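Q: Single-letter residue listing:
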Amino acid sequence: MKTSAMSKRKSKESGGANGECISQTFRNKVSELNLQRNCKLETFSCLKVQKLLRERFCHHYATGKLFGMDHQYRHLLELLKRTIVHGESNSALIIGPRGSGKTALLKHVLKEVKEMKQVRENFLEVHLNGLLQTNDKTALKEITRQLHLENVVGDKVFGSFAENLAFLLEALRKGDRTSSCPVLFILDEFDLFVHHKNQTLLYNLFDISQSAQTPVTVIGLTCRQDILELLEKRVKSRFSHRQIYLLNSFDFKQYIRIFKEKLSLPAKYPDEAFAQKWNNNIQHLSEDKTVQDTLQKLFHYSKDLRSLHLLLMLALSNVTVHHPLITASDLHEASKQYRMDSRANIVHGLSVLEICLIIAMKHLNDVYEGEPFNFQMVYNEFQKFVQRKAHCMYNFEKPVVMKAFEHLLQLELVKPIERPSVRTQREYLLMKLLLDNNQIMDALQVYPNCPTDIKQWAASSLSWL
Amino acid sequence: MNTRQQSKIIYSWYGKPMSSDRKLRTLQYKGIIIKSEKSRTETCIQLGEFILVEGENADQPFVAQLLDLYEDGAQEKHAVVQWFCHATEIPRNKQKLLKREISPQEVFFDQVSGYDTDIAVETIIKSVTVIPLRLGEELPVTLNKQQTFYVKQSWDGKCFKALSPDTFSKLKEATKKGGGIPNSSNSLTPLDIVSPLKKETEGVVQSVTKQKNVDLEIESKHSASKSSLAKERHSQRMANGIKTPTARKKLQLNSPTRSLKGRLLGSDVLELFDYDCGAVAPLEPSPTKRKVKFSGILGSPPKMPCTKPKATSFDTAEHRQRLSDTIRLSPYSKVDDSSEKAKNLSRKDNTVFSVRLRERQRQSLVLAPHSRRLCAQKTSARIAEQVSILNALELDQEEDFLALSDSSYSLSSNEVENDVVCTPEKKAKSSRTFSTPKSSRKSSVHTPSKTPKKTPSPGKPKTPQNATPEIPRRNHAAQKPASILEEARLRLHVSAVPESLPCREEEFQDIYNFVESKLIDGTGGCMYISGVPGTGKTATVHEVIRSLQQAAENDDLPSFQFIEINGMKLTDPHQAYVQILELDLLWTRKQNVMYNLFDWPTQKHSKLIILAIANTMDLPERIMMNRVASRLGLTRMSFQPYTYKQLQQIISSRLNSVKAFEEDAIQLVSRKVAALSGDARRCLDICRRATEICEFASRKRTSEIVKMAHVTEAIDEMFSSPYVNAIRNASLHEQIFLKAVLAEFRRAGVEEATVQQIYLQHVALCRIEGMQSPTVSEIMAICSRLGACRLLLVESSDKYLHMRVRLNISQDDVTYALKDE
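Note that the protein sequences, when read in sequence, are chains A and B.
Each residue of the first sequence is one higher than the one before, counting from 1 in the working numbering.
Each residue of the second sequence is one higher than the one before, counting from 1 in the working numbering.
For the record, the hints were derived by calculation from the structure and aren't laboratory data.
Bear in mind that the values here come from a model prediction, so they are computed numbers and not experimental data.
Check the hints yourself; a few may be wrong.
Claimed, not checked - Below, computed lysine-lysine pairings styled on DSSO-like, alpha-carbon distance capped at 27 angstroms:
no.	chain 1	residue 1	chain 2	residue 2
1	B	K645	B	K707
2	A	K233	A	K289
3	A	K51	A	K260
4	B	K819	A	K233
5	A	K336	B	K819
6	A	K398	A	K415
7	B	K819	A	K253
8	A	K398	A	K51
9	A	K297	B	K739
10	B	K799	A	K415
11	A	K268	A	K51
12	A	K253	B	K739
13	A	K297	B	K819
14	A	K432	B	K799
15	A	K65	A	K51
16	A	K398	A	K336
17	B	K739	B	K819
18	B	K707	B	K659
19	B	K799	A	K403
20	B	K659	A	K81
21	B	K645	A	K81
22	A	K197	A	K81
23	A	K336	B	K799
24	A	K51	A	K111
Input sequences plus hints: build the corresponding full structure.
A: Right, here's the structure in full:
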């Protein structure tokens, strides 16, 4: 719209110009306009692609494909189908490290199950999360609420814990395999339910799944590998011991494929030409040596797909109109940014005095083998250095040094090992340094305008000799 | 009594005394005149006429024939009646004997000998018509439905019989005689015109019941007849009601909404009330609905009656009664006046009240006292003092009533409630009132029910509405198993109830004999059953109870009640009081609950048998205090884990004839499980999983039988340690981190290290491998990831580098997992 309006105005302008030049100018203008339009289009697609991919990276589940979990997918799907179609009660645990796609798997399965004809509207879902339902009482109320049992008024559930439990058990007891609507219990952060008193909720849920009552399937999601050891013996006995493990068991080749999959635009993307261009670029990227190196590092560091999402997100934010395609260097930069050490970053922003104090602490650590120190010791160490190098270092007053020290305390680069009390003077409070020598040295390397003397001092406490 | 009532309703004799009995000092009359001052009408009821008698529920007055009228030495007016019973008074299961629909207008000639036929005349409401019919005859259509009843058969507590020709003709005669009297009693009902204060007293006092044992010693506590207990209850109730006004706040009146067929009588009475209180009739939501809606919480403190004078018109008799009845109900106990008149016939001194201790029965049941007029009168003086308070309370209720007028509440008769009360599992036999020392609730006296009922009791929590616990029905029918494997899976599900319990025959016999002998001796006792999970403890006990119930039904054994309490299904041990599952969870500091429970059977007259089930064999010694343990007695039984042969037999018996497993496969499962735990549940689960695996595999090829390979896969799936796999699938740096942990442990000789130490090891390892070493941030992330999986145990992360780390698995496992790569 804007373009056309602009062109009208411009054509008017050109209309008012000298007649001889008209055709020439007009031609120029048109080509200019075409360029502009192309540019706009490009911008448009760019933003759209960014939006699309960002959504893909941010909403982890139920979008896109699942990778390397076909077996688990089929297992869970069959399990749910049997519950819903045959009314068979079951219980299962989905176990895998964080970011391994437990929730995504479940959502995909549920999505497929819901699309089945004989399933539609034929089962009830109850979602619980161990972080939200912190005890059995709230969990029960939530179950009752989600099942819309008759003791629910509006959104409120009335009655005491005992009453709610009895009511729910009674409701489930009355059902039977063939006539009642199956109920699906999904317990997210399953390990937190284990810590509830007596594991009453789990016992009852598993007990129902093992007795001829309303068909239920209890699915727990957890990242703890030792989950079975946490169950009480009678609860454990009632659990059917179906465990679905998700372990990110793909190798690097598959990882590259996932990378491609994640960045590719879908086939039915509206702007086909751009999509083609984009996808070709991604294909090239995946074959690029530096990109592979970057990915390999990330892969070695973590197989969690969320970390890949984060990396790609950083790279994607570099995409602009003038830089419409992701390049290898984008990824490299993103990776650098991603792997940056957070504490070392803080050190970059410190004043020279504060850096000096940290170096003093480092030396104290070296000398006393990690024993805690106090401000007075640090100050003494610093004084020694200043006296030696009096020509290049301004000697600060003690209160100023103290102020700098307290700033470090606030940044949590140093941590007191005991709580500050009224009795002990601040100077003598015992501290520990929360930085490793490597971190300090790395930070100094990149510290802008660091005096050479200080660098030398950092490298060795005996540098003055 | 007479003088007290003279202000409004006057009962006076019709004519001169016909005869007198010197010995008993009674004077007989031939009729009674009921005169109401307000409506200035008079009704005369003569001997032989049919009458309505006020019962425990005003909507369900009893029908009777007036046989005799007399005045005793204390100037009390009495009437002797022949009872008729409504269909609703007959237990449900007995109703089925009729094999036909029972019209609400139909009554039965009551030949149950146990009921007291002596009533106070003040309980007579009005006269009605009862027409005898032949068995095959249809009920004639009459307009005056509330006033006419039909009798076809007699009921003697066990079966229905056709009316004998003698009775029939007598009834016929009486009907003709009564027919001559105009039915003007609508305007004559005595109750409604009484002043609020008066009515209050009456409502409490004037409930008459059909009593058994016409016995002058009825008030003695030894004959635990309805009336004496009722009186006891009654006075207690009144006392409680007044003394603990706060208790009422929790109370709520709920009762199941049921179709009110057969309640026409009730509506009759209600309508009458409305009629007489015409001024306030609009307050009643729908008088003709035959339902009085009432559900509310007595929340606010009593208000003065004068604030709402109109509302008093609501105090119908049962309203008052309900109020007073519910006052003493505690939230978790259910006090039910079981008026199973018919059932109780066979026993002389049976008991009336059954208290349900099960936690899930929270519905406040309405206690309908069958108080005898005579006894009730004695309490009337005390009651009178308290009437004003009750009156005030009533007002509160009425306010709620109006507010919640659309939630339905039906006045349910005892008979209906009784259905509700009976649980599928009841067990406890006693014929005395006990009160457990610690519980404030009324302890139970269980009515020996003739038949163990199969209807499950819907636990009714106090909810604002009459909520029924129910899961919606499914939309599509569940599919039937289509293949052999599906069939097998169904049979192998733990929930499937097997026809018999193999391999537990001995234990079954032991428990059966124990309970049977106690039942026959009529004594109480305890048995402690222990065993690891999944060894069939609960299943065996249930099986025993099932066969005992069968035996009781065949009259081979005395009848009994079965009550099941599962410690895991309770939230508070105090809610539990007969058969205990998961006993170790009922442990409280003072162990009151268990003490009371186990003390019970040792009481002299108790007939309580307790079967306690727990996992730990030495629970009595370990955590129970001596006084509890000693009461548990010496009868112990422990269930040994199943051997592989037994497991094999269990699977085979469940599979029965379905040929889905190879013999060897079953044996493999059995041996594996027997070696690990002997848990039958596990065994069945593995088999079930194996069928799934088999089914999945056979989609490609067609082998329809579970083989060794499938079973092995299922076992591996369930028993393999997850750690090794988790480590093998971890990322490279995670693995290096674990190696660094091992290296640090080896270096320091302590199985604990800080992240800083491990970091240094990690960097060193990376240098050896020629890799770029991760930053500290990355190391921290790796550490917390491994911590989340619980491969490592880590401290809270605010210590950063000084966080201490430990392995959650053995070092050997880690080495093994890492080496294989």
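Q: Determine for every hint whether it applies to the structure shown.
A: Consistency of the hints with the structure:
1. B:K645 <-> B:K707: Cα-Cα ~19 angstroms, so holds.
2. A:K233 <-> A:K289: violated, 54 angstroms
3. A:K51 <-> A:K260: Holds, at roughly 17 angstroms.
4. B:K819 <-> A:K233: With Cα atoms ~34 angstroms apart, K819 (chain B) and K233 (chain A) exceed 27 angstroms; violated.
5. A:K336 <-> B:K819: Violated: K336 (chain A) and K819 (chain B) sit about 32 angstroms apart, past 27 angstroms.
6. A:K398 <-> A:K415: holds, 20 angstroms
7. B:K819 <-> A:K253: OK: K819 (chain B) and K253 (chain A) at ~23 angstroms, within 27 angstroms.
8. A:K398 <-> A:K51: violated, 54 angstroms
9. A:K297 <-> B:K739: holds, 19 angstroms
10. B:K799 <-> A:K415: Satisfied, since the Cα-Cα distance of roughly 8 angstroms is no more than 27 angstroms.
11. A:K268 <-> A:K51: holds, 16 angstroms
12. A:K253 <-> B:K739: holds, 25 angstroms
13. A:K297 <-> B:K819: With Cα atoms ~22 angstroms apart, K297 (chain A) and K819 (chain B) stay inside 27 angstroms; holds.
14. A:K432 <-> B:K799: holds, 10 angstroms
15. A:K65 <-> A:K51: holds, 19 angstroms
16. A:K398 <-> A:K336: Measuring from Cα to Cα gives roughly 39 angstroms; hence the hint is violated.
17. B:K739 <-> B:K819: Given pair K739 (chain B), K819 (chain B) holds - Cα atoms ~10 angstroms apart, limit 27 angstroms.
18. B:K707 <-> B:K659: Given pair K707 (chain B), K659 (chain B) holds - Cα atoms ~12 angstroms apart, limit 27 angstroms.
19. B:K799 <-> A:K403: Within the cut-off at roughly 23 angstroms; holds.
20. B:K659 <-> A:K81: Given pair K659 (chain B), K81 (chain A) holds - Cα atoms ~24 angstroms apart, limit 27 angstroms.
21. B:K645 <-> A:K81: The hint is violated at about 34 angstroms.
22. A:K197 <-> A:K81: Violated, at about 32 angstroms.
23. A:K336 <-> B:K799: The given pair, whose Cα atoms are some 26 angstroms apart, holds under the 27 angstroms limit.
24. A:K51 <-> A:K111: holds, 24 angstroms
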